[in-house]
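Chains as they are written, first to last, in UniProt numbering: chain A, 1 to 447; chain B, 1 to 120.
These are calculated hints, taken from the structure and not from any lab test. Check each hint, because a few of them may be wrong.
What the hints assert, rightly or not - The list that follows gives simulated cross-link-like pairs (lysine-lysine, DSSO-like), each with its CA atoms no further than 27 Å apart:
| id | chain 1 | residue 1 | chain 2 | residue 2 |
| --- | --- | --- | --- | --- |
| 1 | A | Lys130 | A | Lys249 |
| 2 | A | Lys403 | B | Lys117 |
| 3 | B | Lys31 | A | Lys333 |
| 4 | A | Lys419 | A | Lys96 |
| 5 | B | Lys117 | A | Lys124 |
| 6 | B | Lys60 | A | Lys89 |
| 7 | B | Lys117 | A | Lys333 |
| 8 | B | Lys60 | A | Lys418 |
| 9 | A | Lys268 | A | Lys346 |
| 10 | A | Lys49 | A | Lys124 |
| 11 | A | Lys96 | A | Lys293 |
| 12 | A | Lys419 | B | Lys60 |
| 13 | B | Lys38 | A | Lys49 |
| 14 | A | Lys49 | A | Lys268 |
| 15 | A | Lys406 | A | Lys346 |
| 16 | B | Lys36 | A | Lys419 |
| 17 | A | Lys130 | B | Lys36 |
| 18 | A | Lys394 | A | Lys346 |
| 19 | A | Lys219 | A | Lys333 |
| 20 | A | Lys346 | A | Lys446 |
| 21 | A | Lys249 | A | Lys333 |
| 22 | A | Lys388 | B | Lys117 |
| 23 | A | Lys397 | A | Lys219 |
| 24 | A | Lys49 | B | Lys117 |
| 25 | A | Lys130 | A | Lys106 |
| 26 | A | Lys388 | A | Lys333 |
| 27 | B | Lys117 | A | Lys249 |
| 28 | B | Lys36 | A | Lys49 |
| 29 | A | Lys406 | A | Lys419 |
| 30 | A | Lys419 | A | Lys403 |
| 31 | A | Lys346 | A | Lys403 |
| 32 | A | Lys249 | B | Lys36 |
| 33 | B | Lys56 | A | Lys89 |
| 34 | B | Lys31 | A | Lys419 |
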Amino acid sequence: MAGAGGGGNDVQWCFSQVKGAIDDDVAEADIISTVEFNHSGELLATGDKGGRVVIFQQELESKNQPQCRGEYNVYSTFQSHEPEFDYLKSLEIEEKINKIRWLPQKNAAQFLLSTNDKTIKLWKISERDKRPEGYNLKEEDGRYRDPTTVTTLRVPVFQPMDLMVEASPRRVFSNAHTYHINSISVNSDCETYLSADDLRINLWNLEITDRSFNIVDIKPANMEELTEVITAAEFHPNQCNTFVYSSSKGTIRLCDMRASALCDQHSKLFEEPEDPSNRSFFSEIISSISDVKFSHSGRYMMTRDYLSVKIWDLNMESRPVETYQVHEYLRSKLCSLYENDCIFDKFECCWNGNDSVVMTGSYNNFFRMFDRGYRQDVTLEASRESSKPRSVLKPRKVCTGGKRKKDEISVDSLDFNKKILHTAWHPQDNIIAVATTNNLYIFQDKL
Amino acid sequence: MSEEIEGTKTTEETLVNDQNEMDDKVISPEKVEEAKLKARYPNLGHKPGGSDLLRKRLTKGQKYFDSGDYNMAKAKVKNKQLPAATSEKSGGGEITGDHIPTPQDLPQRKPSLVASKLAG
Chain A
1 MAGAGGGGND VQWCFSQVKG AIDDDVAEAD IISTVEFNHS GELLATGDKG GRVVIFQQEL
61 ESKNQPQCRG EYNVYSTFQS HEPEFDYLKS LEIEEKINKI RWLPQKNAAQ FLLSTNDKTI
121 KLWKISERDK RPEGYNLKEE DGRYRDPTTV TTLRVPVFQP MDLMVEASPR RVFSNAHTYH
181 INSISVNSDC ETYLSADDLR INLWNLEITD RSFNIVDIKP ANMEELTEVI TAAEFHPNQC
241 NTFVYSSSKG TIRLCDMRAS ALCDQHSKLF EEPEDPSNRS FFSEIISSIS DVKFSHSGRY
301 MMTRDYLSVK IWDLNMESRP VETYQVHEYL RSKLCSLYEN DCIFDKFECC WNGNDSVVMT
361 GSYNNFFRMF DRGYRQDVTL EASRESSKPR SVLKPRKVCT GGKRKKDEIS VDSLDFNKKI
421 LHTAWHPQDN IIAVATTNNL YIFQDKL
Chain B
1 MSEEIEGTKT TEETLVNDQN EMDDKVISPE KVEEAKLKAR YPNLGHKPGG SDLLRKRLTK
61 GQKYFDSGDY NMAKAKVKNK QLPAATSEKS GGGEITGDHI PTPQDLPQRK PSLVASKLAG
């Protein structure tokens, strides 16, 4: 069942489903801002700029069609965050959902954390498939009966009803971040989680909303001396005392909470040495890490900077063990990418279930997969043109200069407004969710 | 296409300093792009990457509503020195004009009442 081969020659990716409107006129609220599978892969959550969360559930595999994996259909949708205005600080607080993280399932209900720039919320999603009927004092429609007409007593019984999925906010964690939250990460202890903003990281207990512990603070005494900000943070998948955070300068710090209450001193510092003669105005900007993800094994971590994906062995701080170029051809376009702000786009990255393949997005609705074992990579496209059910995706190629071959696309023809920033890989199977600006594509391998 | 590259090289030769003496045949595309940027924006800060960018990032979402200005305007204070007050709070260099924003002026950020199209 585990994704063997991944992006290698033996795996062919097929279109499965696409969610969202077809029209080109995209309302800002519909821009997808986060995508996340739950721990079993049965549920897939998306968050958007309008503060809404949509959860899809995978249908059980049909016995009639063993060739197909179950489809994802809407399970629940709710408004997670609303826009706010902080009059005291003259700050507009966007309702955009920055991150969603699922809690491991402990009972019949599902729980997830969703966050905007300032507030994290714990949502409970539960099913209701029966209701009590036969009250003594109420009619079935809820109206109260005249007590004088009640002559006998009966015991209400539960009767089956159409499935109703309810989402309710169980905890609201607010007022702990002066700067904008970029990451949340649930600890393997399932009791705590961290939230990180540009300068600070806080540790919360899932049960307690009125206080949190500050575990990292990189705010300089004098803001003029500010040189770097925190860009992402994540807990180790099985060591509950370990977490990492990445910076805008391209470094990753690993911290151990057993060492001290305030983890300003890192236990490990991961940084690739830079050739000073290659340094340019853009060097620091493109080295800024936009995402950091531990492998499922916990042995490696992956970072995404503007042009590449790097795999680090936690035992080696001096340099990454693998580097994959996502779109190196953009290096000679940095000037225009700076002018149109694309150079600040924050791409995410993800691992497949057995850590053999990694995936990240690019422009023109392209996304890339790198097979670590077979040393192969592939570029695929999420587009309506290649969305016939079960049609195999054709690898795409960008032509960097000289003669453009047929079916290749030249760098200057790339649409930089079509960016794939968010992708997710099912925890066990070869099913991927790829978010374009306002559509969610689901692809799976050909069975 | 090749003419374009030669053109860029010429500009680049005049702007880049002696460092590239050793490898003047192989010029990093990044440095070429940097030269283009500096040619278009000569006043660009000399700190590469820059804490200016970081500070801009930290203050994202800042709107300017000053309750003091608002209340004074409500009290109809005449000949008020507006420019001094506004330039201080806007962090220098930004001209915010004479209009004093009121809570009604700030675009009402209403929550999306429409369901997500992904759920459609």
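Taking the hints in turn, this is what the structure says about them:
no.	hint	result
1	Lys130/A <-> Lys249/A	55 Å, violated
2	Lys403/A <-> Lys117/B	41 Å, violated
3	Lys31/B <-> Lys333/A	11 Å, holds
4	Lys419/A <-> Lys96/A	17 Å, holds
5	Lys117/B <-> Lys124/A	22 Å, holds
6	Lys60/B <-> Lys89/A	12 Å, holds
7	Lys117/B <-> Lys333/A	34 Å, violated
8	Lys60/B <-> Lys418/A	23 Å, holds
9	Lys268/A <-> Lys346/A	24 Å, holds
10	Lys49/A <-> Lys124/A	21 Å, holds
11	Lys96/A <-> Lys293/A	22 Å, holds
12	Lys419/A <-> Lys60/B	21 Å, holds
13	Lys38/B <-> Lys49/A	35 Å, violated
14	Lys49/A <-> Lys268/A	35 Å, violated
15	Lys406/A <-> Lys346/A	31 Å, violated
16	Lys36/B <-> Lys419/A	25 Å, holds
17	Lys130/A <-> Lys36/B	67 Å, violated
18	Lys394/A <-> Lys346/A	26 Å, holds
19	Lys219/A <-> Lys333/A	33 Å, violated
20	Lys346/A <-> Lys446/A	30 Å, violated
21	Lys249/A <-> Lys333/A	21 Å, holds
22	Lys388/A <-> Lys117/B	20 Å, holds
23	Lys397/A <-> Lys219/A	43 Å, violated
24	Lys49/A <-> Lys117/B	12 Å, holds
25	Lys130/A <-> Lys106/A	21 Å, holds
26	Lys388/A <-> Lys333/A	34 Å, violated
27	Lys117/B <-> Lys249/A	37 Å, violated
28	Lys36/B <-> Lys49/A	34 Å, violated
29	Lys406/A <-> Lys419/A	23 Å, holds
30	Lys419/A <-> Lys403/A	26 Å, holds
31	Lys346/A <-> Lys403/A	32 Å, violated
32	Lys249/A <-> Lys36/B	23 Å, holds
33	Lys56/B <-> Lys89/A	16 Å, holds
34	Lys31/B <-> Lys419/A	26 Å, holds
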